[in-house]
Structures are given as C-alpha cells and as structure tokens.
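Residue numbers (this note's numbering), protein chains in the order written: chain A, 2 to 189; chain B, 292 to 821.
It should be emphasised that the hints constitute simulated quantities derived from the structure, not laboratory data.
Don't be surprised by glycine CBs; every beta carbon is placed ideally from N, CA and C.
Treat each hint with caution, since some may be false.
These stretches of chain A come out as covered by chain B in the derived footprint (C-beta under 8 angstroms, 3 or more residues) [what the hints assert, rightly or not]:
| no. | segment |
| --- | --- |
| 1 | 10 to 17 |
| 2 | 79 to 89 |
| 3 | 159 to 167 |
Negatives, chain A to chain B, calculated, CB over 12 angstroms [unchecked claim]:
| no. | residue |
| --- | --- |
| 4 | F44 |
| 5 | A112 |
| 6 | R116 |
| 7 | A117 |
| 8 | E118 |
| 9 | R123 |
| 10 | D188 |
One-letter residues, chain by chain:
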Amino acid sequence: MPAPPRSNLYIGLLCIALAVLLIFIWIPLDTDSGIVEKVRGRFAIGDALAPTIAAGFILFGGVLLLVFERNAPIQSSLTRSHLSFMGKLFAVTVVGLMVMRFAGPVAAESANLFRAEPIEYRLLRATAGWKHIGFSLGGILMVAGIIAIVERGFSRRGLLTAVLAVLAMIAVFDLPFEDLLLPPNGDV
Amino acid sequence: MGVLDYIWLGIIAVFQGPEAFSVFGIAVSITVMMVLSGFLFGIVVGATPGLAGPFAMAISLPILISIFGYSPDALLPVMGFLIGIMKGATIGGAVPAILFNTPGTPDAFMTTLDGYPMAQRGQDKKALRVAHLSSASGDTFSDIVLFVCAPFLAILVEAYLDLPEKTGLLILSLSFIAAVIGGSPGKGLISIGLGLLAVYVGTGEDFYPRLTMGADELSRGFPITTAVLGVLIIGAVFKGLDETWRESRDGKPAPVVSDAGDQKLRWPDIKRLLPHISRSALIGTGIGALPGVGSTLAATLGYSTARARYAKTKDTGAAAFGEGAPEGIAATEAANSAVSGANLIPVLSLGIPGNAAAVFLILATETIGGFNPGPSVFRFSADVVNPELVVAFGLFTCMTIANVFNWTIGGVFMRSMGFMIRIPKQLLLPSVLLLTLTAIYVQETRLEAIWFALGFGVLGYFMRVLTISPLPFVIAFILGKSLEETARQAYSATGNDPFFLFNNPIALAFILMSVAVIFFTGRNAKKAAP
Numbered sequence: 002m003p004a005p006p007r008s009n010l011y012i013g014l015l016c017i018a019l020a021v022l023l024i025f026i027w028i029p030l031d032t033d034s035g036i037v038e039k040v041r042g043r044f045a046i047g048d049a050l051a052p053t054i055a056a057g058f059i060l061f062g063g064v065l066l067l068v069f070e071r072n073a074p075i076q077s078s079l080t081r082s083h084l085s086f087m088g089k090l091f092a093v094t095v096v097g098l099m100v101m102r103f104a105g106p107v108a109a110e111s112a113n114l115f116r117a118e119p120i121e122y123r124l125l126r127a128t129a130g131w132k133h134i135g136f137s138l139g140g141i142l143m144v145a146g147i148i149a150i151v152e153r154g155f156s157r158r159g160l161l162t163a164v165l166a167v168l169a170m171i172a173v174f175d176l177p178f179e180d181l182l183l184p185p186n187g188d189v
Numbered sequence: 292m293g294v295l296d297y298i299w300l301g302i303i304a305v306f307q308g309p310e311a312f313s314v315f316g317i318a319v320s321i322t323v324m325m326v327l328s329g330f331l332f333g334i335v336v337g338a339t340p341g342l343a344g345p346f347a348m349a350i351s352l353p354i355l356i357s358i359f360g361y362s363p364d365a366l367l368p369v370m371g372f373l374i375g376i377m378k379g380a381t382i383g384g385a386v387p388a389i390l391f392n393t394p395g396t397p398d399a400f401m402t403t404l405d406g407y408p409m410a411q412r413g414q415d416k417k418a419l420r421v422a423h424l425s426s427a428s429g430d431t432f433s434d435i436v437l438f439v440c441a442p443f444l445a446i447l448v449e450a451y452l453d454l455p456e457k458t459g460l461l462i463l464s465l466s467f468i469a470a471v472i473g474g475s476p477g478k479g480l481i482s483i484g485l486g487l488l489a490v491y492v493g494t495g496e497d498f499y500p501r502l503t504m505g506a507d508e509l510s511r512g513f514p515i516t517t518a519v520l521g522v523l524i525i526g527a528v529f530k531g532l533d534e535t536w537r538e539s540r541d542g543k544p545a546p547v548v549s550d551a552g553d554q555k556l557r558w559p560d561i562k563r564l565l566p567h568i569s570r571s572a573l574i575g576t577g578i579g580a581l582p583g584v585g586s587t588l589a590a591t592l593g594y595s596t597a598r599a600r601y602a603k604t605k606d607t608g609a610a611a612f613g614e615g616a617p618e619g620i621a622a623t624e625a626a627n628s629a630v631s632g633a634n635l636i637p638v639l640s641l642g643i644p645g646n647a648a649a650v651f652l653i654l655a656t657e658t659i660g661g662f663n664p665g666p667s668v669f670r671f672s673a674d675v676v677n678p679e680l681v682v683a684f685g686l687f688t689c690m691t692i693a694n695v696f697n698w699t700i701g702g703v704f705m706r707s708m709g710f711m712i713r714i715p716k717q718l719l720l721p722s723v724l725l726l727t728l729t730a731i732y733v734q735e736t737r738l739e740a741i742w743f744a745l746g747f748g749v750l751g752y753f754m755r756v757l758t759i760s761p762l763p764f765v766i767a768f769i770l771g772k773s774l775e776e777t778a779r780q781a782y783s784a785t786g787n788d789p790f791f792l793f794n795n796p797i798a799l800a801f802i803l804m805s806v807a808v809i810f811f812t813g814r815n816a817k818k819a820a821p
C-alpha cells in the first residue's frame, strides 16, 4: 500500500513555524511601533498590527491544513525535479539579466581600449545601437537559454525565436517612444 | 445632474473623445478603436494555448500607458482596450478547445467535452458557432445585470456601511476568496496571508519602513506591478514551461479536421439551445457576482445542471452530453462568459477584485489615477459633476461596444483563429517572460523591480506546484493597504474602541460570516477526505 500523501501536513507545519517566527521575532524587531501605541495621550493602531494579522492568516491557514485537510486524497508535492527545473530556469534568467545589466558598460570600456577620447556608457544610453547592446545580448541569452532547457538542447529555431522576440520588443517599446527606457538604461 | 445626464455624459465621453480618424466626415473616437483592437487581440490570445486574457492585459498596460499617459483622459481608451481583451479572450478560449481538445483558457476546459467530439464528426464550424452564440449571449446578459446592479449595490454600501462595517466587509471578502478559490480554505488563507505580508513590507505610518530589515531597496515597498505580474504572469510562465518540458510535446501534429454536414446554425437549433443558454447565463452571472468564484466553477455548474435537464428531454438518437451535444457547449460557454461582466459588480461597487481580469483593471486605474473603484464612484451629485461616475458610465458604454463587436464580427474572427494552436509553447512562453520583465522595467525604470518580479514569479511557480492558488495572494496585495487604512480610520472614528468590529451589529455579522465560511468549507474539505 502506498504511503498517504503528506504535503499538506508539511505545508501546514511550515506555515505555522513561519507565522510564529513573524509574530514573535520578525515583526516586533522590525517595526517601530507596536500593535497599539499611545500618541499624544491617545491610543492609535501601530505599524505592527497589520503584519500581525497577515501572520494570523498564515497561522490559521496552516492550522486548517493540519486539522481539516491533512488527509486530503489529492495532494501535490514539490519534487526534486521541480526544484531542479526551476533552478535551471532561474539561473538562465539571472545570467541573462546580468548580461543585460553589464554588457553595455563593458562594451563601452572595451571600445575605450581603441579610442583616444574615452567614452562613458551613461552618456550613450540614449544612443541607438549602444542602448540596445545589453538588452539584446541579455534578452537573446535568456530566451534562447530557456528554450534550450525546455527542448533539452540548443536549436537554431530557438536562437531565431530569441532574436525575433528581442527585435519585436525593441520595435514595440523603444522605437515609438522617446521617453521609455529599455533595461538596464534607467540604472546605468 | 440626474441619472440620465450622467449616462449621457458617459456615452459622449466615449464617442466624442479624441478622434482616431474620420470616415466620410464622421469622427471615429480613439476609445472605440481601442475597444475593437483589444477585442481582436483578446480573441487571438484566447485562441493561443498557454496564454490567457490576463497575460495580454499585463503586457499591454505599460505600452498603453506610454501611449496615453497618466491623465484622466487616458482612462477610457486604456480601460476600453483591457475590457476588449477580457471579452475577446473569453470567446477565443473556445477555439482550441473545440478544434484541438486543448482549452485556450482554463475556463474553456468543459467546452472540450462536447466541442471536440463535434469537431471529430466534422461539425467543427457549427460547434464554434454554438460557442460564439452562447458566449456572446451570456456575456451580454451579465453586462446588463452589472449595469443595473453595480450602482444600486454601491448606493446601498454608501448609505448603510460606515468604517467599521467596511472593515468587516473587507475581512469577509478576503475570507470568502480564501475559502472558495482553489477549493482549499487552508491554502487560500495562506495565500491571503502571504499577499498581505508582501504589501505591508516597507509601508506603514512610522518613519522606519517596517519589515525591511534595514534594506534600502525594500523601503519603498514592492511595486504593485511586480507582485501582480510576478505571481500571476511570471509564475504561470514558469509553470507552463515546466508542463511543456514534462509533456515533451515537440512534434505532436495538430489534428486535421474536415467539415461534414450542415455547418450553419439554424433557427430550430437556436430554439433548442436557448433554454440552456438562459439557465447558464443566470448561473454564471450569479456566481460571477461573488468575488473570487471563478468561471471554471460557473462552467462546471452550468454544464452539470444542463446535463441533468438534457437527460430528461433529449430526442432519441441525439448525442448525449460528453459525446458531442451542442447543448453541452452552449451550457458551458454561456456560464463561463456570464462571469466576466458580473465579476465587475464587486469591483465597481465595492472596489474588491474577483478575478485576474478585474485585478488588471484595478491595476490600470491605480496606475493612471483619477478613478478609484468603490462605492464612492456611484455618488450621483446633483450640483457638481462627479467625474468618476462619468468614467463608470463610459466603461459601461465600452462594454456595450465590445458586445456589439462580439455579435457582429466576433464569430467570423474567432473561427479564423484555429492556426494559433501551431505556435509551440516552448517558443512562446520564454518570449512572454522577457516581454513581461521588459514591461515591468519600462514602468518602474529600476532593475530592482525586475528582481522583485522574478522573486514573486518563483513564489507563484511554487504556489502553483503546491496547488496554492496565487489569485488570493494578488487580491490581498491589492486590498491590504485599504484594509489597514479603513481599520485605522474606524478605530479613530469609534473613539479608539479596540472592539469596533464586535460592537457594531453589521460588522459583527460580517466577522461571524467570515468565520463561518472558512469553518464550513474547511469541514466540507475534511468530509471529502477519506
């Protein structure tokens, strides 16, 4: 006989632990005022009340899972394959975003090696070409990388899709609007 | 200013707004064109498996705001486009459900039960016509109920509910949403709690931004777009990619359907379908008016009620439900489409979003400003024009225009969208991810927002894996600040009475109902377990 599913039990226990942590440690240590406080001789609701109610919802939800839904016949559980798939997606997305953030400034610094007058990426972030370097490289890497994960290998079709997606987004967000900034040009 | 004056001003605001172009000297307003564009775009998105109306609304919003800006004049064109998407996606979802046994949107699942068998018999176009007729009927009926009920409900709320009662009503809404969405009250409450916790980070009245652990990046709180788009859209993209990866559906050929028999919908067919359409429209509207109760439940209830009725009345030799009965499609499509209009009743009258589409409408109003959905919208002030009421009637006009497009060109456009099934999800979803992240950046202009959205996306993915519905999270995130503000005001207004929720009979009734709805749904969940 297969073991009964236990994911509701684990989620319930985890939520109760989180709620206890919130109510007794995080909220008291990380808010300036308590649940109720005295201001100019009058009582007023403090900043801790609302998060405590939020924690109360989490606590009550955890208890309900333990009391009423612990033995529910269908319980989805988090498996190692979920974690590994999500880990891969997350890693590719983060690498794509990092490339997006730094490719433009790195390109500008690289160009300085061959120029007498140095250029600064910050001053070029509104210049066509320069402003697209980070978004294009990072975006293509992100889209093509995710397609490769799902298709279990790189393909020319995936790369072409990524290039077309990036070009389409530049056409939609950048070309018609002068005031819109593609990532990462608002931060550099 | 009387009621009719406000209605007229709303209509004029739509038709005499900024001009898009003119035909034979007659100006066509930009709002009308936006409703049409949104409606057609919605059909395309609905007909694409893996996408749904909220995806389209999420990625359109920053583009629309870039075009129209943040002035109150932007409200009607932007909201008109979003309403068009909402309606278009509803009928578009039936296309892959009928032609390829793949629901384009989650609420079109029941449509596959009879739609696909009809398509297999070569009756695909007739099945699509049945779906369109039923969907448009249910949607139109639901809108009429919205137009009539929302103002009355709002007036009642304004007249009888004071601050303690409004606090109680918000708690009741959150409890109800927790209890009914996803079928697990425990998980619903957890989702609500997490949403509230997220919105309280970095906010509050003290000088120190609460729950930030001293991090400057968190001191402004999480922008609403990052939480909503992260949990709802990026989480769904991650889950969709996961499913595609597991299914390994590469190379699966789309089934080829060849027409057979009469594809037209004749008057005797319509007469036979009408009772099922009417019944399901009523069911869908009733369910849609309750916040959080989704179109999937409406479709299931409409379908099962119609099946019981059909079993008693069906002609000998007619296909049974589940074997290609047009009545099955009619019952499902009328019910799930009737939810969309009625779902705006709690949005417009109480400011409480009931589904993902409503969340994006509220997001649009919050971003643009000048219109705060809630009971104060329907203040019929006689001496000074209430601009929010004009916008509300403008929105009703946009919905009516979308219905006209639905009845006239919706069917033809919908029937031409069968090819969308051929777009592979593994190519589409990564592009949607980049598009969503770009849309968030364009609006917030800081990379932190992308990191927040990504974090919320991962949370949304794990919530979906563990069957914790992300919708209560998002609704709690939207309502959290107003819950805290109302409670603070109620506390002050009642002379610092800490028991203000229990000393007022209506507020007390709301709190008791909140406890009861959680307790009874929880007990039912226990009974269902072995």
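Structure-based check of each hint:
no., hint, in the structure
1, 10 to 17, "holds (count 3)"
2, 79 to 89, "holds (count 4)"
3, 159 to 167, "holds (count 5)"
4, F44, "violated, 5 angstroms"
5, A112, "holds, 23 angstroms"
6, R116, "holds, 28 angstroms"
7, A117, "holds, 32 angstroms"
8, E118, "holds, 29 angstroms"
9, R123, "holds, 15 angstroms"
10, D188, "violated, 5 angstroms"
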